[in-house]
Amino acid sequence: MDWQWLIGRMNLSYLPHEPITMGAAVGMPLTLVAIAAALTYFKKWGYLWREWITTVDAKRIGIMYGSVALIMLARGVFDALMIRSQTAVGGPGGSQLFNTDTYQQVFTSHGVIMIFFVAMGLMFALFNIAVPLMIGTRDIAFPFLNAVSFWLFFAGMILVNGSLIFGGFSIGGWLGYPPLTELQYSPGPGVDYWIWSLQVAGIGSLLSGINFFVTILKNRAPGMTFMRMPIFVWSVLVTTVLMMIAFPILTGSLALLSLDRLMGMHFFTSMGGGNPMMYVNLIWAWGHPEVYILVMPAFGIYSEIVATFSRKKLFGYKTMVIALIAIMFFSFIVWQHHFFTMGSGADVNAFFGIMTMIIAIPTGVKVFNWLFTMYRGRITFASPMIWFMCFAVTFTIGGVTGVLLAVPAIDFQVHNTLFLVAHFHNVIIGGVVFGYIAAITYWFPKMFGFHLHEGLGKAAAYFWQVGFLLSFMPLYALGLMGAVRRLDNYSDPSWIPFFIVSAVGVVVVGIGIACQLLQIAYSIWKRKELHATSDPWDGRTLEWSVPSPAPFYNYAIIPEVSRVDEWWYQKQEGVKAPKDSDYKDIVLPKNTSFGFVIGMTAFVGSGALIWHIWWLVVVSFIAIVVMIIMRTMDDFTEYTIPAAEVMRMDKEARA
Amino acid sequence: MLVACTVIALVTLGYLLVHSAHFDVLQPAGTVAKSEKSLLIFAFSIMMLVVIPVFIMLAVFGWKYRAGNDKKVDYSPEWHEHKLLEAIWWGIPIIIILILATTTWITAHTLDPYRRLDSKAAPVNVQVIALQWKWLFIYPDLGVASVNELPVPVNTPIHFTISADAPMSAFWIPALGTQIYAMNGMSSQLNLIADHVGAFPGYNTNINGEGYAKMKFNVYSKIDKDFSSWVESARKSPNMMDEQMLQKISQPSTMDGTSYMLMDNNLYNKVIMKYMKGTASDKDNSTTSMQHDMLNMEGM
Amino acid sequence: MSESAEMIAKRDKVQLGFWLYLMTDCMLFTSLFATYMILRNSTNGGPGGSELFSMGFVLVETLILLTSSYVCGLANLAIHNGRKKEFVVYLGATIALGIAFLTMELTEFGKLIGEGHTPQTSAFLSAFFTLVGTHGLHIAIGLIWASVLIWALYRQGRQEDILRKFSLFAVFWHFLDVVWIFIFTIVYAMGVK
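Residue numbers (this note's numbering), protein chains in the order written: chain A, 1212 to 1866; chain B, 14 to 313; chain C, 123 to 315.
Here chain A stands alone, though its shape is the one from the complex:
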């Protein structure tokens, strides 16, 4: 009897053969086993299930997003180390540290992991942690959907990492242009892993976009009009609009490519009339808004940090809002600048180039507004502020090269070279990474009740900044020397010193990350000494009015707001103690396992699609539909805490 249909196209030949991937394929499961053993020994399975896996509390979900993102950061930087080690020795007469196929998988997974699992992960961590608290509410609009989003993100993460153990990953770069990623040139499961991990994580992101948009529209505290919201919340609002419009395009593009691969269709194939240029347009119509999705919350964070640490009102709140909206609008009409060299013609190139450089205007305005928030402020250079200073230097350089790239005739000479690679790392690291790290440092005490160690934080900033310069400034030079991206070897010996410096740079960044990991571990160890009050930074926004760590219900009494930076002014006028009668019953959502189970079913279903196990695809799909129906039929998804209990908990937390 032929049992092959049971396991699709799985077979043992898909286990890795290269030393480094074999090491990972053994190391990762071993780590998981070790963690499982520890959980069993310390009898923490129940705790893990009750408090984390089934949670619908946005703060907990945020912490989970952040934890996954930081682990993925370590993997992404390790990928970078592999890439730069190879290029450092890849000159004429040099060696091949691992074969080209592995190298191509590594830079593909590096890009995918950094964008989808580190940057998006940290972003959602911050949305979940900060937005409800900042708008004075208890939770986001759809807490169950929030949990589903996280577990879909988690499923995507397992798929990317699973590919290391079994099957290998795509070799097509993080955006996977066809026809290279079509069956003709990539018949194996690698591209399918890529498609489905992005597809599943992408759906999670889309749902979160809707979730946070509704939350900001509907859950704000009484009196908090749009122009009284913290500017970070504005940046999130604008970001969610981008998400809702852009992510469906990603869903569509990946779906069409998967139809080509799974069902032999001809959307983007070489033969049969397919049009790869259509894919390039579709994927970048998503891809460009995506990078603004990543950076705009970071801009919002910098606004909060500069105002707080300069002890001064943000300069030009209204203009900042207008700038955010302008950037959002323009980010939809620039996508073609990613392929000026595809031959669109001068008029089209010029139009998109001009639209692209227009975005520099509101972005520049933001920088000036931050500078003039500092002006006549009283600035404390705590590590969040240090990260801002690093951002201001780094991002500005990246912005300059961005405007250069926006000129089609300049792009003709630097497109797809290391100059381009340097530019986007410049703006992503300077803007997104530094911003999210600053935000973690800033909001960590609110989540956990103790600080992250300052000294290690400043050291991390130093190493990241220096490491960034060493890693990427040589790449600008290399691009101008003719070095294209994604090479593992090259024949011009004059490039070698530049690649060596770049490799050293990655190591220095690695030291920075080591400082951060050490910082977390040390801070947990010394958490009593590093104890934080409810308002450790003398903050301006509402989240600093609740105890640290924030109680699971956020606010015992929903605050009333009458101006921007409500908390700052309340402190000046004298914070009024609540009356006993102010306490009301609180209704909160119950924990549920459905989020986790739906996410894991999505993982199983995706795996089934990748390995052509058709019966399992059908079963998974039906299971998800059934679970959704069951959830909608459930009338008892909430529970009530009586007012007296709320009062008791609040008084205890504030004692």
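None of these hints come from the bench; they were simulated from the model.
Bear in mind the structure is a predicted one, so any value in this text is a computation, not a measurement.
Built from N, CA and C at the ideal position, the CB exists for glycine as well.
Possibly wrong hints are sitting among the right ones.
[Claimed, not checked] Label pairs and their calculated CB-CB ranges:
1. GLU173/C x GLN264/B: 56 to 62 Å
2. THR25/B x GLY1666/A: 23 to 29 Å
3. THR123/B x PRO1303/A: 34 to 40 Å
[Stated by the list, open to error] 25 Å max Cα-Cα, derived DMTMM-like pairs, lysine to aspartate or glutamate:
4. LYS1669/A x ASP83/B
5. LYS287/C x GLU1849/A
6. LYS227/B x ASP1290/A
7. LYS1782/A x ASP83/B
8. LYS206/C x ASP1845/A
9. LYS261/B x ASP1312/A
10. LYS1524/A x GLU91/B
Since chain A is already given, all that's left is putting chains B and C on it; use the hints.
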């Protein structure tokens, strides 16, 4: 202190790296690349008008308004608007972008890869086919072909028509200028010129499989005499470039530079037709630029 | 029957959330329409829309779907006035008409595939089957949803809950109608010129 030392160290390192390096994009060998370089310098300089003041203000404000210094400077926690300042930092960037936008519009047209170059010399036509993982150059009017080596006459415009029998690739000679994608079933155009004799490296900038890094080629710009003698020797070469040979070299592999006698003048069109059968242009009755070229070439 | 402030607020949020989801679905269909329009002439040497589409057939399909939307509107009126039995009848009719539509569509697909015009034949056919098929998939999900609503009505019977859930279904169903109008125009009417 630490910051200052680091900055000095980094700048020194930068200088040491850069002073003896050769930058193809910044040391161009043709008018297209020269124009592109001037544009780069111009755009960069104009951006410095904004960037340098920003860096200065960042340093000055950070230092002057630090918490330890509060005895000596004003603290205005509520000051948050100033119409004139805002007008300046909206206005100056707008003007800069207007200048760059105008430059962009103009140069997008003057440096359009499809645009023929102004030159007294008659252009040499080269058909480029990106393969896995090599470049095939066909000189249809001269009866020769070459893999990975691209001899061209100096001071003569070269008119490239570019296609592929491989995943999306891109054709780039940094010293001469503009890169452009090479795609199945499509014909891109590029016009370049070398203004002095020499050897210039060329690359593929878009990943197209495992041998991607090996898709390097070399351009040799030669004086007319030397170019003609290369053409002669290629015509006498025992290597024949015909459909059979094309099939053979289209297999995924890398190879050394080789010259061929061209036996089939229609190879380029055949490669395009292989993929065009399914597409919209196939049904189209209007003349595409590619068909235009085909008609032109046949008439020559 | 009065609703508490929390119920109203919750219904409000769900409605907003659902409308936003529909906008994202709109974006998805936009991508599919754009792809179809670019690939509509890439027939790989085979026949195009003018040879393959039968306007009479499609007109009947369209009338069926439009009628189902009308009947859905009647169901809406019924539930708003508390007439449960009438509601079930009209919703049942909506489902029946939806099934009829899907059956016709599957017949059309079956016929094309049987004649050798499969999604694997050309880019045009890939785009056609995917665009129209995605709409069909949404219709199928709608039918499942409507059936579950009827089941829920008998299981719980609480009107305000059903009202809320049904109003979302109705918006979804009408949205699919609008998408179909675009498909009718862009794919069939413009294809058969």
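We went through each hint and held it up to the structure:
{"no.": "1", "hint": "GLU173/C x GLN264/B: 56 to 62 Å", "result": "violated (38 Å)"}
{"no.": "2", "hint": "THR25/B x GLY1666/A: 23 to 29 Å", "result": "holds (28 Å)"}
{"no.": "3", "hint": "THR123/B x PRO1303/A: 34 to 40 Å", "result": "holds (37 Å)"}
{"no.": "4", "hint": "LYS1669/A x ASP83/B", "result": "holds (23 Å)"}
{"no.": "5", "hint": "LYS287/C x GLU1849/A", "result": "holds (18 Å)"}
{"no.": "6", "hint": "LYS227/B x ASP1290/A", "result": "holds (22 Å)"}
{"no.": "7", "hint": "LYS1782/A x ASP83/B", "result": "holds (22 Å)"}
{"no.": "8", "hint": "LYS206/C x ASP1845/A", "result": "holds (22 Å)"}
{"no.": "9", "hint": "LYS261/B x ASP1312/A", "result": "holds (23 Å)"}
{"no.": "10", "hint": "LYS1524/A x GLU91/B", "result": "holds (6 Å)"}
When the structure is compared with the earlier hints, a violation turns up for hint 1 alone.
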